[in-house]
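K.L.:
These protein sequence lines map, in sequence, to chains A and B. Taking numbering that gives the first Met the number 0, the leading residue of the first sequence gets 0, the next gets one more, and so forth. Taking numbering that gives the first Met the number 0, the leading residue of the second sequence gets 0, the next gets one more, and so forth.
Keep in mind that the hints were calculated from the coordinates and are not lab data. Hints should not be assumed to be uniformly reliable.
Below, computed lysine to aspartate or glutamate pairings styled on EDC-like, alpha-carbon distance capped at 16 angstroms [as the list claims (entries may be wrong)]:
1. 145(A) <-> 125(B)
2. 260(B) <-> 544(A)
3. 166(A) <-> 137(A)
4. 47(B) <-> 544(A)
5. 145(A) <-> 104(B)
6. 652(A) <-> 59(B)
7. 256(B) <-> 552(A)
8. 145(A) <-> 59(B)
9. 151(A) <-> 167(B)
10. 260(B) <-> 552(A)
11. 151(A) <-> 124(B)
12. 145(A) <-> 105(B)
13. 86(B) <-> 137(A)
14. 77(B) <-> 650(A)
15. 92(B) <-> 137(A)
On a predicted model such as this, the values are computed, not experimentally measured, just so you know.
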Amino acid sequence: MIHLSETASRRPKISLWLAGLLSVMMIAMVALPSVWPAQFSALNALKIDTDPENMLAADEPVRVLHNTQKKAFSLYDMIVVGVVNEDHPQGVFNQRTLTDIHALAAFAQDIAWQDKDGKTQGVISVDLMGPSTVDNIETGGAGVVKFEWLMKTPPANDVQALNVRDKAMNLPLLNGTIVSEDGKAVALYIPITSKNISYKVVQKLKTKIAEFNGQDTYHVTGLPVAQDTFGIEMFVQMAISAPMAMVLIFLLMWYFFKKASLVVSPMIVAMVSVITTMGLLVMTGNTIHIMSSMIPIFIMPIAVLDAIHILSDFYDKYPQYKDRKQTIIHVMKELSAPMLFTTLTTAVGFASLALTPIPPVQVFGIFVAIGVVLAWFFTITLVPAYIMLMKEESFAGFGLDQNKGEETSLMGKVLGGVGRFTYARSKLIMLMVLILGGTAWVGITKISINDNPVKWFAPNHEIRVADRALNERFAGTYMAYLMLSSEADTRSLEEFSQSLTQDMRANIMGPLHDMADSVADLLTQSQNRQALIDLLITETEMRMDTVSDEDWDAWDDALTWMGNQLASGETFKDPDVLKYMGGLQDYLQTTGLVGKSNSLSDVVKTVHRSLFQGEASAYRIPDSRAAIAETLITYQNSHRPQDLWHFVTPDYKKTNMWLQLKTGDNRDMTALIEKVDQYFQANPAPHGITHDWFGLTYINVIWQDKMVSGMAKAFIGSFIIVLLMMVFLFRSLWWGLLAMVPLTFTIGMIYGLIGWVGKDYDMPVAVLSSLSLGLAVDYAIHFLARSREMKEKFPDWKSTTKEVFGEPARAITRNVIVVGVGFMPLLLAPLLPYKTVGVFISAILILAGVASLTILPALIQIFERFLFKAQTKKDLI
Amino acid sequence: MKNLLKLTLLLSAVWAMPAYAADTKNVMEIVKQANHVSYYKADDGRAKVNMRIIDAQGRERVREFVILRKDDDETDGKQKFYVYFNKPADVKKMVFMVAKNLDRDDDRWLYLPALDLVKRIAASDERTSFVGSDFFYEDVSGRGVNEDIHELLETDDKYYIVKSTPKDPQNVEFTTYKSWIHKSTYLPIKTEYYDAQGETLRSYTALKVEMVGEHPTVIASRMENHETGGKTLMNYSSVKYDIGLPSNIFTERYLRKVPRKYIR
Numbered sequence: 000m001i002h003l004s005e006t007a008s009r010r011p012k013i014s015l016w017l018a019g020l021l022s023v024m025m026i027a028m029v030a031l032p033s034v035w036p037a038q039f040s041a042l043n044a045l046k047i048d049t050d051p052e053n054m055l056a057a058d059e060p061v062r063v064l065h066n067t068q069k070k071a072f073s074l075y076d077m078i079v080v081g082v083v084n085e086d087h088p089q090g091v092f093n094q095r096t097l098t099d100i101h102a103l104a105a106f107a108q109d110i111a112w113q114d115k116d117g118k119t120q121g122v123i124s125v126d127l128m129g130p131s132t133v134d135n136i137e138t139g140g141a142g143v144v145k146f147e148w149l150m151k152t153p154p155a156n157d158v159q160a161l162n163v164r165d166k167a168m169n170l171p172l173l174n175g176t177i178v179s180e181d182g183k184a185v186a187l188y189i190p191i192t193s194k195n196i197s198y199k200v201v202q203k204l205k206t207k208i209a210e211f212n213g214q215d216t217y218h219v220t221g222l223p224v225a226q227d228t229f230g231i232e233m234f235v236q237m238a239i240s241a242p243m244a245m246v247l248i249f250l251l252m253w254y255f256f257k258k259a260s261l262v263v264s265p266m267i268v269a270m271v272s273v274i275t276t277m278g279l280l281v282m283t284g285n286t287i288h289i290m291s292s293m294i295p296i297f298i299m300p301i302a303v304l305d306a307i308h309i310l311s312d313f314y315d316k317y318p319q320y321k322d323r324k325q326t327i328i329h330v331m332k333e334l335s336a337p338m339l340f341t342t343l344t345t346a347v348g349f350a351s352l353a354l355t356p357i358p359p360v361q362v363f364g365i366f367v368a369i370g371v372v373l374a375w376f377f378t379i380t381l382v383p384a385y386i387m388l389m390k391e392e393s394f395a396g397f398g399l400d401q402n403k404g405e406e407t408s409l410m411g412k413v414l415g416g417v418g419r420f421t422y423a424r425s426k427l428i429m430l431m432v433l434i435l436g437g438t439a440w441v442g443i444t445k446i447s448i449n450d451n452p453v454k455w456f457a458p459n460h461e462i463r464v465a466d467r468a469l470n471e472r473f474a475g476t477y478m479a480y481l482m483l484s485s486e487a488d489t490r491s492l493e494e495f496s497q498s499l500t501q502d503m504r505a506n507i508m509g510p511l512h513d514m515a516d517s518v519a520d521l522l523t524q525s526q527n528r529q530a531l532i533d534l535l536i537t538e539t540e541m542r543m544d545t546v547s548d549e550d551w552d553a554w555d556d557a558l559t560w561m562g563n564q565l566a567s568g569e570t571f572k573d574p575d576v577l578k579y580m581g582g583l584q585d586y587l588q589t590t591g592l593v594g595k596s597n598s599l600s601d602v603v604k605t606v607h608r609s610l611f612q613g614e615a616s617a618y619r620i621p622d623s624r625a626a627i628a629e630t631l632i633t634y635q636n637s638h639r640p641q642d643l644w645h646f647v648t649p650d651y652k653k654t655n656m657w658l659q660l661k662t663g664d665n666r667d668m669t670a671l672i673e674k675v676d677q678y679f680q681a682n683p684a685p686h687g688i689t690h691d692w693f694g695l696t697y698i699n700v701i702w703q704d705k706m707v708s709g710m711a712k713a714f715i716g717s718f719i720i721v722l723l724m725m726v727f728l729f730r731s732l733w734w735g736l737l738a739m740v741p742l743t744f745t746i747g748m749i750y751g752l753i754g755w756v757g758k759d760y761d762m763p764v765a766v767l768s769s770l771s772l773g774l775a776v777d778y779a780i781h782f783l784a785r786s787r788e789m790k791e792k793f794p795d796w797k798s799t800t801k802e803v804f805g806e807p808a809r810a811i812t813r814n815v816i817v818v819g820v821g822f823m824p825l826l827l828a829p830l831l832p833y834k835t836v837g838v839f840i841s842a843i844l845i846l847a848g849v850a851s852l853t854i855l856p857a858l859i860q861i862f863e864r865f866l867f868k869a870q871t872k873k874d875l876i
Numbered sequence: 000m001k002n003l004l005k006l007t008l009l010l011s012a013v014w015a016m017p018a019y020a021a022d023t024k025n026v027m028e029i030v031k032q033a034n035h036v037s038y039y040k041a042d043d044g045r046a047k048v049n050m051r052i053i054d055a056q057g058r059e060r061v062r063e064f065v066i067l068r069k070d071d072d073e074t075d076g077k078q079k080f081y082v083y084f085n086k087p088a089d090v091k092k093m094v095f096m097v098a099k100n101l102d103r104d105d106d107r108w109l110y111l112p113a114l115d116l117v118k119r120i121a122a123s124d125e126r127t128s129f130v131g132s133d134f135f136y137e138d139v140s141g142r143g144v145n146e147d148i149h150e151l152l153e154t155d156d157k158y159y160i161v162k163s164t165p166k167d168p169q170n171v172e173f174t175t176y177k178s179w180i181h182k183s184t185y186l187p188i189k190t191e192y193y194d195a196q197g198e199t200l201r202s203y204t205a206l207k208v209e210m211v212g213e214h215p216t217v218i219a220s221r222m223e224n225h226e227t228g229g230k231t232l233m234n235y236s237s238v239k240y241d242i243g244l245p246s247n248i249f250t251e252r253y254l255r256k257v258p259r260k261y262i263r
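With the hints as extra help, turn the sequences into a complete structure.
P.N.:
Right, dumping it as structure tokens:
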């Protein structure tokens with residue numbers, strides 16, 4: 000390592016040129032394929048990924064299921080546009096507003112374009128749900144059932160507008176979904192071909208909305224909109240926070256070392272490290288995701304840490320040597336081991352994130368680890384090289400004034416006081432630690448695990464405003480899908496045909512007896528039940544051509560009987576099943592977790608009611624399969640027959656309940672999952688029906704679960720590795736354990752605080768534990784290494800304390816301040832996870848610094864004899 | 000298109016009428032003739048229809064019904080339809096009956112045997128799905144020739160290509176449609192419906208034409224819905240004309256009591 004530094008100092012110009020060249024190359028490797036993708040197709044271009052779904056790997060079973068079921072039920076991601084009018088007594092149900100809404104829906108239906116692969120992208124116009132695009136099915140008086148567009152043309156006056164409202168509120172599938180529960184607002188559900196076009200579609204919608212000049216408010220929301228907006232906010236974060244961090248760090252260092260030209264060197268280290276790491280990230284084909292977009296701001300403060308130690312020591316020692324080269328050699332000898340170890344522990348802390356099952360977190364951890372190691376490499380080469388390039392004369396008057404002494408500065412005085420206090424009041428400190436630790440433990444037990452991607456936006460962000468406005472008025476903008484399926488009839492084809500033959504022989508219908516013998520023969524030509532029954536029917540029909548008119552009816556009944564043999568597989572035409580679903584839906588409503596549920600059962604009941612004069616008592620499931628089949632085929636005589644297939648597959652083996660939730664909090668979804676499990680336990684479903692979930696709200700719960708358990712693993716893993724490294728570094732188990740105390744205390748305190756304050760344990764909070772571990776241990780390493788080294792020169796710990804709280808404590812304090820402040824610009828980022836990370840990482844690092852400077856000396860004081868007894872000269876590093 | 004080509008060859012073979020004879024006809028005559036051969040052949044008729052509804056994912060549903068038709072008179076005006084369902088088995092015996100009017104909306108009835116209900120269907124328009132297929136109700140019963148303004152776009156050696164624009168655009172989902180009317184048989188071989196952007200919404204194709212007695216008859220057709228990606232195939236069998244259907248079959252009484260003689 001010292002060799003590296005020496006090499007770099009011998010050829011300082013070349014070293015700096017090489018670093019510059021490396022940066023330019025990295026930038027080129029990313030820029031070329033991004034700007035000219037065709038010419039540089041061999042290189043990986045910059046790819047942005049804003050999809051929280053990608054928190055899980057693409058082949059994760061829950062995602063595979065989600066995509067299969069979305070296809071099976073022809074479901075798409077939806078943009079929700081809510082229209083609210085606070086001025087008109089009828090809300091939006093006035094002639095003007097409905098005219099605008101009509102125009103907006105028509106406009107939305109025409110949004111389509113060809114992407115560069117020639118695929119049509121845009122709005123799925125047939126599935127758009129709004130007053131003008133859905134059907135009203137109602138009774139048209141005695142003996143008449145009516146199908147009409149709910150609002151084919153805009154209303155001519157406010158009375159007609161109210162009429163639209165009344166019709167919609169009478170239809171359970173529309174009430175609370177298209178019309179708000181108070182009957183004053185309207186929502187459009189705009190399905191789109193893929194999530195990543197939602198920003199473009201929303202922009203188009205907004206231009207159209209801008210043409211309207213009423214008093215209406217148009218709220219645009221939906222998970223896809225939220226997700227697509229991340230991309231933009233991510234760049235804002237990178238564009239603001241990272242440069243801000245650089246400026247702040249520069250100013251702080253300038254203040255500490257009073258020499259602007261010198262502190263440029265850590266800045267160069269930080270820049271080269273960030274550029275190289277991000278370059279590697281893009282070149283290796285990784286995407287810029289909400290996690291990886293934070294890499295620059297993580298590397299930036301960490302990259303300058305080692306440089307601060309070097310400069311700090313250099314600043315203190317230069318007046319002794321009055322020679323750059325001599326000073327550098329001294330400094331590097333003193334610091335090489337602690338710097339290497341702090342770098343490795345930090346890298347291990349981040350790399351442990353690779354143990355989580357969340358790909359973006361893995362990428363984040365691995366690349367920050369790479370960046371940290373790169374930063375170390377550039378620090379030990381470029382900083383000495385840079386110093387060598389500066390003129391010796393420019394150092395005149397530089398450094399700690401030995402006469403005045405840094406001890407007289409404010410920082411020096413405070414640290415001196417702390418040092419004395421830790422010696423005199425060590426037991427008091429430990430008592431405080433125990434009390435605080437106990438309190439923190441209670442807080443940790445109070446932690447509530449929860450997340451919600453929409454809440455990643457600040458409360459006054461338009462997405463959050465829309466979210467609140469719509470969920471107050473409608474049944475909910477968060478979609479969860481509960482799929483029920485059944486393989487009730489598991490008989491093999493042979494078993495089926497055997498029982499078919501027996502049933503036919505046993506039946507009182509003569510034609511069935513006649514045909515029973517053909518079954519075995521037809522079985523040989525059939526591959527499944529459908530084919531077998533089809534063949535049987537064809538054969539029967541051939542026989543029927545020759546029978547007399549008198550016998551024909553009996554044969555026709557036999558045909559019907561045969562056709563119905565397939566019905567046993569059509570689980571979701573069974574009255575008992577549909578009634579069970581209705582019961583489940585009633586139960587869901589009582590949980591308070593579901594705004595509204597929509598299912599096949601509602602479709603059947605609504606159509607049934609409209610067939611029976613619209614009477615409330617007719618809002619029920621009819622008692623036979625045939626009656627249900629008739630309501631369903633009636634429904635399919637509408638303008639939108641395909642709507643049925645959002646609720647059931649055409650083979651009626653799988654059904655989909657569409658649940659609208661008012662919150663997207665994982666906590667609520669998790670509670671709902673449990674409630675539904677309990678319901679199925681307490682009320683066994685007919686035909687062995689099983690249930691499963693899909694939809695984005697459910698996916699979020701799954702990745703959160705994986706994150707929480709994965710983080711625990713990563714934390715324990717990195718804790719053990721760092722502990723082993725400490726034991727190795729200090730050649731002592733006890734010193735190793737000692738090094739772990741401050742960070743353990745700090746992390747405990749922070750999570751205790753989260754519990755007490757009631758802040759949700761969400762994605763950023765989960766990530767913090769293991770990444771702060773590697774950083775927080777740095778202070779302990781420096782403190783203990785320097786303490787042990789200095790103890791050699793003094794008879795006891797008391798006299799050593801004074802020295803330790805000199806230069807080493809100042810370097811640590813400078814580091815605490817730089818890193819603590821360096822992460823603060825994250826508070827300027829528009830997305831809340833960034834702010835959370837900013838606040839907590841700053842808090843963790845500052846607290847870890849304080850803990851290192853108080854708990855460690857207190858413990859050393861208490862266990863002085865024990866700790867120094869085992870230490871012999873050769874253990875020194 | 001390949002099917003269309005085959006079909007054209009077939010048509011020219013079975014119906015070797017000189018194609019150029021009609022070139023001078025005006026567009027209204029063409030459209031009326033096309034309407035006649037599509038919906039008013041002979042005095043009455045019957046066919047068994049097998050309908051396969053195939054969605055964008057290739058999932059298939061089958062309907063099978065017998066369709067009976069009788070014209071009120073020779074004016075290509077009022078007529079009656081009786082559609083009796085055999086499949087799927089759970090809607091067997093369901094009947095759909097239509098009294099077609101020219102001056103006002105058609106009267107439509109649905110008999111639902113399991114619910115024991117006869118319902119008249121009142122729809123705001125005739126562009127609703129026919130029992131969940133990609134055919135609209137109006138495709139089955141026929142669209143009145145006077146509802147559109149017709150324009151002869153082009154005449155090639157086989158087809159009159161007619162563009163039709165609705166007089167009342169509010170009642171339909173399309174902006175215009177184009178028909179390829181075969182010059183000798185007057186059967187529309189292809190019809191495409193377009194939206195305001197000129198995108199094709201749905202397209203109809205006659206897949207197979209056969210002579211039934213003296214009547215060239217479409218016995219296989221397809222309707223594609225380009226918006227949903229679904230399609231519906233209709234196959235006609237046991238097609239007969241002039242079978243002497245009594246008009247009392249087309250009354251409410253016969254909804255509940257199948258006219259077995261004509262259905263079997």
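K.L.:
Checked against the structure, which of the hints given earlier come out wrong?
P.N.:
8, 13, 14 and 15
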